[in-house]
Amino acid sequence: MALKPADIEALIALFGTSGWDEMQLEIDGEELFLSRDSRSRLTAAPAFAAAMPAPLPVAPSVAAATPASAATPAATPATTPAATPATAVANVPATRPGHWVALKAANLGTYYRAPSAEAAPYVAVGTRVTAETEVCMIEVMKLFTTLRAGMAGTVREVCVTDGQMVEFGQDLMWIEPA
Amino acid sequence: MGLNRLFVANRGEIALRILRTAKKLGLETVLAVSDADRDSLPAQMADRAVCLGPAAATKSYLDINLVLHAAKATGCDALHPGYGFLSERPELSRRCEEEGIIFVGPRAESIKALGDKLSAIALSKAAGVATVPGTDHITSVAGAQAAGEEIGYPVVMKASAGGGGKGMFRANGPADLAARYDSASREALAAFGDGRLYLERFVEDARHVEVQVVGDGEGSVVHFGDRDCSVQRRYQKLIEEAQVTAMPPALRDRLRAAAVQLTAHARYRNAGTVEFLYDVARQDFYFIEVNSRIQVEHPVSEEITGQDLIARQLSVAAGQGIGIRQDQVTLTGHAIEVRINAEDPLNNFLPSPGRVTAWQPPTGPGIRIDSHIRAGDLIPPFYDSMVGKLIVHAPDRDAAIEAMLRAIRDFRIEGPKTTLPLAAHIIDHPDFRANRFSTRWLEDTALPAFLQE
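Residue numbers (the working numbering), protein chains in the order written: chain D, 1 to 178; chain G, 179 to 631.
So that you can see chain D by itself, here it is in the shape it has in the complex (with noise of 0.2 Å):
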């Protein structure tokens, strides 16, 4: 059972109505650690950012969730609502292998992985692609683009998380060519 963003949101908001000053979570080989310190760091694994919908319901400081498996540096931890999250989730290899081709957003908008809520996902991780392959949908104030993979091969990641505003340039997925 992996973290779900639904789950750390829900636990971040669990820690902000209970008087604790720290708690340490671990569940299936994940952890997550929530502090009303912003200094205090999680010494065990590299600390890696979630991605946090914003606003968030928590007014006192909360470090970052963190995926014991992952293995990219440490970003900034969360210390304000509006501080700038990384990309997050599941999925991460520890090295990503050269040739895999990212998909980037083209604007900033709001991912979206199915063409609707009761819809499966597009794709998922293992899903064979071509160029005319519809990937994900980036909503921009009601108006909806349905991005293509625009070459043939593999989807290997999904680095975004469904309803997550992504901006320019981000990485959205990456695809291993054919």
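Keep in mind that a hint or two might mislead.
What the hints assert, rightly or not - Calculated pairs, EDC-like style, for lysine to aspartate or glutamate (alpha carbon to alpha carbon, straight line, at most 20 Å):
#1 G:K237 with D:D171
#2 G:K250 with D:E9
#3 D:K142 with G:E277
#4 G:K250 with D:D162
#5 G:K202 with G:D548
#6 D:K142 with G:E276
#7 G:K415 with G:D622
#8 G:K201 with G:D548
#9 G:K344 with G:D294
#10 D:K142 with G:E269
#11 D:K104 with D:E176
#12 D:K104 with D:D171
#13 G:K237 with D:E139
#14 G:K415 with G:E621
#15 G:K250 with D:E139
#16 G:K415 with G:D457
#17 D:K142 with G:E275
#18 G:K303 with G:E453
#19 G:K201 with G:D486
#20 D:K104 with G:D213
FYI, nobody ran anything at the bench for these hints, they're computed from the structure.
Since the structure of chain D is already known, use the hints to place chain G on it.
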């Protein structure tokens, strides 16, 4: 402060200016950036910077949908548009309101009403404030000639649908009107889709004066003094001053009263500038237009009043009113601002983008630099060329002139060419020192003299 998180939809020095005050007031800040501004000083200063799109302004700062989406998705409850870009698009004000985001500026209807030249003139008349003697739409050469007789030559014919010189010409007598009326109307039609012209008195020696106001949107308006912006090239201001010492005190009182009267009548909300044409020969002034945004030259008004105008803007936006009464605003001393443009005045003001290898502003009491530039920064070629503003405040105009000359001399900039050397030449010029110049002076007199040196 009733606001929580402010979205700043601009870049460069004004973004930095807004962020400074927002932070001072304890607001969280989110800045919109284009790909070219990711590493800028404002981006580092904001709590969060979000990249809207590539460098091109049309794909980033000018895209209303991207701006609104970013403000909403980052949980901002207010948005400051700065100046330029989207700041005077009524649509931004309206859509912010629709999305539940407080727009730090006027209502959409105000921006629209004041943005249309003839509508603004009508508003001025309704408020009892004099406009340049002129007409409504002229429909024939005969009509133009009759108006010319009544107003007095020389006159200028202008297109009502737009500016920039299109469809505009000066007429010294009825023969000029007959000769140029039809072609001007065709030019206006081609440029704006509307060939209608109107006629105004042409003032030979005009000065550009303006009044800084802040309104609460309910009929109360406070002014923060007047400014003289007569040093212009192609209708772009280069040097601005506060206070307007070229006007006698009684006339200045009337000027400020007129600005307040007009904007109060319009129930103007937030900061704005009322622009007037000062007819020195006739010792009279005429309303020209209202700029419904914070302006580039606002620092000179801040210096002579000791007030933070961005804070006043945020106060009105937060529903807390202007926050100061007129009798609490005092005007002290004289301030001069010089715009620093990355352009080569010796090469027809060709833009000079590129790496800034040295940036050492002058320091000292009465010296203020509003700039986002640091040594090592790259000035991008995608936006206007203004890289900063140098402002001095001194007890009187002569002292301010000396202080500005010293400040420019002590300012070390290497890398791009700038307009600072030209500014020094202007400020040292006898006409400038004597305060005897019109809006044509820079192009007719000072610039040619500078180029000959």
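Original post:
Which hint numbers doesn't this structure obey?
Top reply: Hint check: nothing fails, all pass.
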